[in-house]
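2 protein chains.
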Amino acid sequence: MIDRLIDSILAKNNPTVVGLDPRLNLIPDHMKEEAFEKYGFTLEGAAESFLTFNKAILDAVSDLIPAVKPQIAMYEQFGVPGLMAFQETVRYAKEKGLVVIGDIKRSDIASTAEAYAIGHIGTTVVGEQEYPVFDEDMVTLNPYLGIESIEPFFPHMKKRDKGMFILCKTSNPGGGEIQDLLVGEEKEPLYVVVGKKIEAWGEPFRGKYGFSDVGAVVGATYPEQGTTLRKILPHTFFLVPGYGAQGATAKDLAGCFNEDGIGAIVNSSRGIIGAWKSPKYEGLSFEDATRQAVLDMKEDLAQALEEARRK
Amino acid sequence: MIDRLIDSILAKNNPTVVGLDPRLNLIPDHMKEEAFEKYGFTLEGAAESFLTFNKAILDAVSDLIPAVKPQIAMYEQFGVPGLMAFQETVRYAKEKGLVVIGDIKRSDIASTAEAYAIGHIGTTVVGEQEYPVFDEDMVTLNPYLGIESIEPFFPHMKKRDKGMFILCKTSNPGGGEIQDLLVGEEKEPLYVVVGKKIEAWGEPFRGKYGFSDVGAVVGATYPEQGTTLRKILPHTFFLVPGYGAQGATAKDLAGCFNEDGIGAIVNSSRGIIGAWKSPKYEGLSFEDATRQAVLDMKEDLAQALEEARRK
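Keeping their order, the protein sequence lines are chains A and B. Position one of the first sequence corresponds to residue 1 (this note's numbering), numbered consecutively onward. Position one of the second sequence corresponds to residue 1 (this note's numbering), numbered consecutively onward.
To be clear, the hints were calculated from the coordinates, so they are not data collected in a lab. Any given hint could turn out to be false.
[Claimed, not checked] If you anchor each label on the Cβ, the simulated ranges turn out as follows:
1. A:186 <-> B:231: 50 to 58 Å
2. A:203 <-> B:187: 28 to 36 Å
3. A:97 <-> B:234: 51 to 59 Å
The structure displayed is predicted, hence computed values, not measured ones. Glycine included, every Cβ here is placed at the ideal spot set by N, Cα and C.
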């Protein structure tokens with residue numbers, strides 16, 4: 001899967017993943033009104049407006065980007081109708097040829113992790129029938145329970161050409177509370193210890209670019225740590241949140257890429273899906289504002305990577 | 001909420017939580033056949049059999065136990081129909097007067113954690129309508145992202161009388177891979193550091209028994225660590241998985257309780273919901289086997305606690 005993701009990043013010359021994290025206040029009134037007219041002010045109505053919105057975003061920019069990352073929490077808070085919208089969003093994005101990263105951050109003991117693996121990247125068996133369920137291409141996972149919580153995903157990953165990103169150094173301001181704790185004789189921060197494990201876990205899953213299907217989440221909000229991790233995890237691809245609304249600039253995250261300008265995919269959610277509301281794109285249609293935001297981000301990243309290369 | 005849980009444990013004289021983690025192979029044939037006849041071998045059919053099964057378990061034992069803990073992964077792998085069964089299970093168990101612990105192990109950055117908080121213990125607002133969604137009484141959370149991933153649950157917890165258990169020392173054999181790493185100058189295991197944070201985070205949420213609404217998950221499979229944590233976290237209530245199928249005995253987990261015999265609730269899943277298939281309960285009906293398994297566990301825990309008290 002990592003090869004497919006990198007192929008697509010290179011083909012579109014754009015290491016951007018759009019975070020499909022809808023909120024009611026980000027959705028144009030006419031989309032909401034239509035949904036609420038049909039379903040009332042219900043969870044169904046909200047979920048319907050999410051789906052209309054996501055499809056409009058995908059229709060606007062899927063030729064420009066390699067991947068999308070729907071954050072399942074945004075859907076889960078709208079219950080069963082929300083999760084139906086999540087599932088349909090995944091399906092629609094895949095139909096558009098995009099790699100879909102399900103931002104689920106699941107984690108549990110082995111027998112339970114197996115159920116998450118089945119539900120998100122595997123297939124569920126009922127009698128002699130077999131059903132893909134949420135069926136994202138890649139998922140995010142949390143490492144607190146160790147390899148036992150990750151391993152159950154491996155057979156499904158291999159069999160169905162899927163991938164994962166494991167939380168390493170997250171983008172939130174207080175992520176260091178646990179992740180920066182200094183560990184062992186070497187006094188390495190926990191995120192480095194976790195990073196090295198991720199690199200090792202991915203060893204059997206390396207593809208043609210040298211990167212593995214077992215990636216790491218490395219927040220753009222920590223430039224130095226990103227640069228360090230890039231050096232010590234040469235075969236680990238990074239999913240980089242934190243650009244834009246969370247405060248990180250393109251320069252901050254340039255260190256997450258290697259000398260060839262690959263090695264990371266950068267997420268933006270509000271910066272893209274909320275572009276139509278931004279004063280910066282005033283006067284543009286929903287479609288044009290969204291496209292322009294993607295093009296601006298692409299250019300911003302390209303410039304920062306070019307500058308980093310020249311140094 | 002912790003007061004309500006402890007009140008109920010004391011009233012029923014039973015610190016047992018039944019893990020409602022259905023699997024198709026644990027469900028009696030007649031329940032499955034009925035569901036598959038109605039829905040075919042579909043996700044809907046499987047989910048329907050889960051719900052029938054859970055209701056039968058709840059009908060059999062809800063007078064004997066204070067709480068149930070549905071593991072959401074078991075439902076999530078059956079997609080939207082599975083999650084409908086989860087939601088209906090929560091509703092039915094609450095109707096029976098039980099405290100429902102949603103074993104969801106969610107975690108994310110603050111703005112996203114807020115969405116999980118809303119969906120699981122809060123209410124979702126659509127227009128002027130407000131909907132409780134999954135609406136468990138308590139949830140399990142993962143600490144890897146720090147307090148920022150926990151805090152968004154606090155206002156909902158307070159407003160709606162809810163609670164949480166944060167992963168501290170999990171029951172899986174390899175949980176120590178991350179959790180036992182020695183941290184800082186004091187070379188304390190990470191789970192101790194996390195445990196102390198949980199104790200501190202819970203300080204504003206203490207109830208009449210001295211325990212807080214911010215509990216910890218402490219695996220029964222680590223007796224010494226449980227005993228240590230009980231001592232250094234005097235105000236933190238423990239959710240204790242690992243008894244029975246995962247190998248821990250009542251003696252192993254006695255140290256998770258304080259001298260008054262409170263301080264923990266012990267989970268059993270397969271040992272109870274799979275009792276009807278066990279040779280130990282051969283000849284008993286589904287209902288009687290389930291009840292007997294609960295009564296046996298209750299007796300087993302009481303004896304171990306009595307022995308620990310005498311020492």
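Going through the earlier hints one by one, which of them does the structure break, listed in rising order? Violated: hint 1 alone.
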